[in-house]
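K.L.:
Sequence:
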Amino acid sequence: MNYVKSLAKQLASKGIRVNGVAPGPIWTPLQVSGGATMEKLEKFGGMTPLGRPGQPAELASIYVQLAAADASYATGQVMVPRVDQDSRNAAASTDGATNHQANASRYRDRE
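Just so it is clear: in the sequence shown, position 64 is 64 by this note's numbering, and no numbers are missing.
For the record, the hints were derived by calculation from the structure and aren't laboratory data. Model, not experiment: these values are computed from the prediction. Possibly wrong hints are sitting among the right ones.
[Unchecked claim] Listed next, with one range per pair, are the computed distances between beta-carbon atoms:
1. K40 - A68: 31 to 41 Å
2. E42 - I16: 38 to 48 Å
3. S72 - P23: 17 to 27 Å
The beta-carbon is built from N, C-alpha and C at its ideal position, and this holds for glycine as well.
Let's have the full structure, built from the sequences with the hints guiding it.
P.N.:
Below, the structure is given as structure tokens:
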């Protein structure tokens with residue numbers, strides 16, 4: 001966070017905005033290519049309030065907002081997506097949960 005804030009201060013005079021996103025665990029092919037064990041893959045993101053990792057598409061609106069013209073005053077900010085504990089009950093019915101299960105099982109089959 002300090003890096004983003006410091007860089008934002010340094011580049012603001014040049015009209016360059018600097019922001020960051022700290023999304024937590026997000027499912028990408030890098031988890032598998034990084035040598036994670038099947039046990040780790042199945043538990044990946046389990047400690048989040050939703051009980052699963054996020055999907056890249058679930059973050060897209062944050063990046064779009066930061067790039068939008070109406071966010072031109074935002075600089076030096078770190079966006080941290082949050083979900084409340086009640087959302088955890090609905091996790092099994094979300095596309096993200098389904099995708100995580102499918103991703104983990106796809107790589108389990110490769111072993």
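K.L.:
Next, verify each hint and record whether it holds.
P.N.:
Hints versus structure:
Against the hinted window of 31 to 41 Å, the Cβ-Cβ separation of K40 and A68 comes to about 36 Å, which satisfies the hint. Checking the proposed 38 to 48 Å range against E42 and I16 shows it holds: the Cβ atoms sit about 41 Å from each other. In this structure, S72 and P23 meet the distance hint of 17 to 27 Å, their C-beta atoms being roughly 23 Å apart.
When held up to the earlier numbered hints, the structure conflicts with none and fits them all.
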